[in-house]
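Trainee: Note that the sequence shown covers residues 4 to 412 in the numbering used here.
No lab work stands behind these hints: they were computed from the structure. Be aware that a few hints might be false.
List of simulated lysine-lysine pairs, DSS-like, C-alpha gap at most 25 Å [to be verified]:
1) K323 x K124
2) K124 x K329
3) K374 x K360
4) K325 x K345
5) K360 x K345
6) K360 x K343
7) K374 x K325
8) K153 x K351
9) K329 x K374
10) K167 x K208
11) K323 x K374
12) K183 x K124
13) K384 x K374
14) K59 x K153
15) K208 x K183
16) K82 x K101
17) K208 x K229
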Amino acid sequence: MRIAVVGAGPSGLVAAKYAIENGYVCDIFEQTGSLGGNWVYNENTNDVHVQSSVYKDLVTNIPKELMTYSDYHYPTTVKESYITHDQVLAYHHGYAEKFGLNKHIQYYTRVERITSIECDKWLLVVQNLETETETTGQYDCVFVCNGRFKDGFIPTIPGQSLFKGRQMHSHTFRVIDPYKEQSVLIVGGQHSGQDICGLICRIAKHVYVSSREVLQGVFPPNVSQKTEVTKFTEDGVVFGDGSVEHIDSVIYCTGYFYTCSFLTESCGVRVENNGVAPLYKQIVNIEHPTMFFIGLPYLGASNITFDLQVRFAMAAFQEKFKLPSKSEMLEEWDVFLQNKSKDNVPRKHTHRLGDGKSSTSYSEDLASTAKITRIPNVISKLYERVVLRNRARYYYRIIDDETFEEIIP
4 MRIAVVGAGP
14 SGLVAAKYAI
24 ENGYVCDIFE
34 QTGSLGGNWV
44 YNENTNDVHV
54 QSSVYKDLVT
64 NIPKELMTYS
74 DYHYPTTVKE
84 SYITHDQVLA
94 YHHGYAEKFG
104 LNKHIQYYTR
114 VERITSIECD
124 KWLLVVQNLE
134 TETETTGQYD
144 CVFVCNGRFK
154 DGFIPTIPGQ
164 SLFKGRQMHS
174 HTFRVIDPYK
184 EQSVLIVGGQ
194 HSGQDICGLI
204 CRIAKHVYVS
214 SREVLQGVFP
224 PNVSQKTEVT
234 KFTEDGVVFG
244 DGSVEHIDSV
254 IYCTGYFYTC
264 SFLTESCGVR
274 VENNGVAPLY
284 KQIVNIEHPT
294 MFFIGLPYLG
304 ASNITFDLQV
314 RFAMAAFQEK
324 FKLPSKSEML
334 EEWDVFLQNK
344 SKDNVPRKHT
354 HRLGDGKSST
364 SYSEDLASTA
374 KITRIPNVIS
384 KLYERVVLRN
394 RARYYYRIID
404 DETFEEIIP
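Sequences and hints are given; from them, build the entire structure.
Mentor: Set out below in structure tokens:
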């Protein structure tokens with residue numbers, strides 16, 4: 004039997020690992036020239052093959068101990084917990100090498116169309132981006148692992164077209180040098196907004212962070228938090244509190260669109276509200292349950308959650324547990340959405356896990372449903388410890404499935 008994996012990032016690699024381990028023929032389609040997905044740094048943001056949002060000085064915002072697969076860990080020589088993108092990428096190369104994934108990856112190969120055919124099988128049309136030739140292949144199962152961080156969302160604000168300074172999304176931000184002695188506006192105060200602010204303020208004249216929520220932490224004197232932007236002028240902005248500031252450059256740290264342009268109507272799912280619907284457990288295509296989406300839920304321990312999702316999907320594909328009926332899965336999806344509404348979660352954040360408790364609840368549900376090994380408790384305990392700390396200078400060491408050690412270097 005043949006399995007197709009769309010994308011050679013962190014979720015695609017683990018999908019391929021389990022496919023190969025279970026004896027399937029596996030093809031991994033990667034439209035760039037490297038594995039690693041969002042962890043591949045490339046300064047040339049105009050290159051059509053660049054899918055990554057990584058910038059030069061990026062350091063992870065969660066410890067590496069929360070970014071491992073279940074059966075492959077960082078080298079013991081890497082002592083620090085908050086590490087560079089180069090170190091994360093090296094880890095994924097090591098994973099691919101250990102499990103023999105490289106020979107299965109077709110680089111510079113973009114999936115153009117996926118079509119459902121009889122018996123819940125799949126027809127894939129892919130294009131070699133170097134030769135511009137298309138080929139077609141039939142597969143018994145498809146893992147969609149195309150990532151969430153490549154199509155930046157820029158909100159529409161009155162007067163944007165009048166502003167004469169530079170505007171960009173954080174997806175194309177790479178280095179701080181262009182912002183020396185500038186007054187910079189950062190729109191958005193979540194992880195990327197705070198990270199980029201912390202870098203730019205070293206050399207900028209002033210950095211204004213426009214955010215709905217109060218920023219946590221202590222910032223230098225040349226950083227100011229502002230309310231939402233109401234309009235642009237030629238050389239500045241007006242904020243919701245009526246204040247006006249001169250601005251040289253704007254960086255939008257406002258999130259991403261989730262896209263899946265290769266899915267045809269026959270696939271039976273919709274890309275909407277920044278996610279995919281309807282899905283069973285945010286993984287299984289309810290209409291055609293031989294298509295699986297890995298990595299849609301975000302915030303939490305990434306790689307080990309991908310690992311669990313793939314093990315769940317593989318157990319479903321191999322019929323090691325019985326999926327509910329189509330009507331039952333659709334009913335559960337509706338209840339899932341209703342619960343999100345009750346919790347006042349906007350539809351665009353349908354797949355957001357949020358705090359450690361929701362991540363734990365999700366992973367335990369997957370494990371109990373499929374009767375597979377759960378994620379160790381220590382992962383959720385560590386996540387809850389660090390999630391609000393904003394990269395405190397600690398090292399962490401996981402001792403066993405229940406316990407971790409916090410080290411002050």
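Trainee: Check each numbered hint against the structure and report the violated ones by number, ascending.
Mentor: 4, 12
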